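Undergrad: Chain by chain, the residues run as shown.
2 protein chains.
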Amino acid sequence: MKIYDGGKAPNPRRVRIYLAEKGIEVPLEPVDMGALEHKSDKITRRNPLQRLPVLEFDDGTTLSETVAICRYFEELHPEPPLMGADALDKATVEMWQRRVELHFLTPVAHAFRHIHPAMKEWEIPQIADWGEANKPKAIEFIRLLDEELAKREFIAGDRFTIADITATVATDFMKPARISIPEDATNFIRWYEAMKARPSYGA
Amino acid sequence: MKIYDGGKAPNPRRVRIYLAEKGIEVPLEPVDMGALEHKSDKITRRNPLQRLPVLEFDDGTTLSETVAICRYFEELHPEPPLMGADALDKATVEMWQRRVELHFLTPVAHAFRHIHPAMKEWEIPQIADWGEANKPKAIEFIRLLDEELAKREFIAGDRFTIADITATVATDFMKPARISIPEDATNFIRWYEAMKARPSYGA
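First to last, the sequence lines map onto chains A and B. With my numbering, letter number 15 in the first sequence gets 15, and the count goes up by one each step, no holes. If you want my numbering, it's the 1-based position in the second sequence plus 203.
FYI, nobody ran anything at the bench for these hints, they're computed from the structure. One or more hints might be untrue.
As the list claims (entries may be wrong) - Dumping the calculated SDA-like pairs for lysine to any residue here, alpha-carbon to alpha-carbon at most 25 Å:
{"#": "1", "chain 1": "A", "residue 1": "90", "chain 2": "B", "residue 2": "265"}
{"#": "2", "chain 1": "B", "residue 1": "293", "chain 2": "A", "residue 2": "106"}
{"#": "3", "chain 1": "A", "residue 1": "42", "chain 2": "B", "residue 2": "265"}
Unchecked claim - A short list of chain B residues far from chain A (calculated; beta carbon distances all over 10 Å):
{"#": "4", "residue": "245"}
{"#": "5", "residue": "268"}
{"#": "6", "residue": "294"}
{"#": "7", "residue": "332"}
{"#": "8", "residue": "333"}
{"#": "9", "residue": "395"}
Quantities reported herein were computed from a predicted structural model and do not represent experimental measurements. All residues carry an ideal CB built from backbone N, CA and C; glycine is no exception.
Looking at chain A on its own, in the form it has when it is part of the complex (with noise of 0.2 Å):
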């Protein structure tokens, strides 16, 4: 088994958090995206739509999608829970892990991909209206999860789970994005500094 890892991108880092809080240790091929070679003929023939990581199993089976590779190891390894534990828990956490995918890290890619110089041969075409249109919305969710981090410690409940891994990433690359947390999202800012502190954070 081995993982083609995409270094600093964000669905890549992602799985990288999740198997560090596992205690899981999968072997990394680096592919450099920079150098767009997760387009090449050997990505491709493992995820036809050429997004990394893709997990490959060694009978040659591959699985790509960041959350379904989690979801491979969640099921197999079922603690610490990442996922949740039982169903009401299983569901929160999904939909924690859903709105910080489609209101928070969504919302950061899109100004990214859609404003950054270097991201024009990636997102064809750039549309900067679309990327500028996304800068509030991140903003405005992360004025929900302030509100919601006064309530408790992590994101989906007393436990860290995979929507914190998903919201530390989405965190991490609004500075590429050029996005600002606000300064008094002071329950955000305590959460996120507690995120940093996690040794997963460097993997």
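With chain A fixed as given, assemble chain B onto it according to the hints.
TA: Below, chain B alone, put in the same frame as chain A:
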């Protein structure tokens, strides 16, 4: 338990089809999205993101996000499996479900929301260029599905899953989004006809 339902909108329909396939009956409370009732205090209290559907338990606990609601029922009623059986199968269904969401339902939704005049109050700002940029993305994904469906009966394997539900709803949504199914996508069309023939299609 009840579901605040949103009529013909794609996400409420995904949950209704899922429940019909499972044979689970949950009382529905209609919410008139045409009259923007999903932005009312009643719904905002239950889902601050003002989206439908919302599942409400008798103790007042609420759960939103389509797939989170499905996940809850899947955990309690695993048969027939609509989200996979073993670890690899669950991960494979999750992979296809997410591919369909990201590269099919989302582009179709963006084409609709950013171009259709009826969406002016819903999508602010409407960016027609972004809507248009999404139409070829949906077609490109149908081409990929067409190749995959030459090899098997359903999207995620030899069994009907939640990925088929999402893709069926996305295909129906192409009509108001004014995107046509390519006539030569014969495997895709064969799959779509089979989906329309299932009793759950009318849910």
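Undergrad: Which of the stated hints cannot be reconciled with the structure, identified by number in ascending sequence?
TA: Numbers 3, 5, 6, 7, 8, in rising order.
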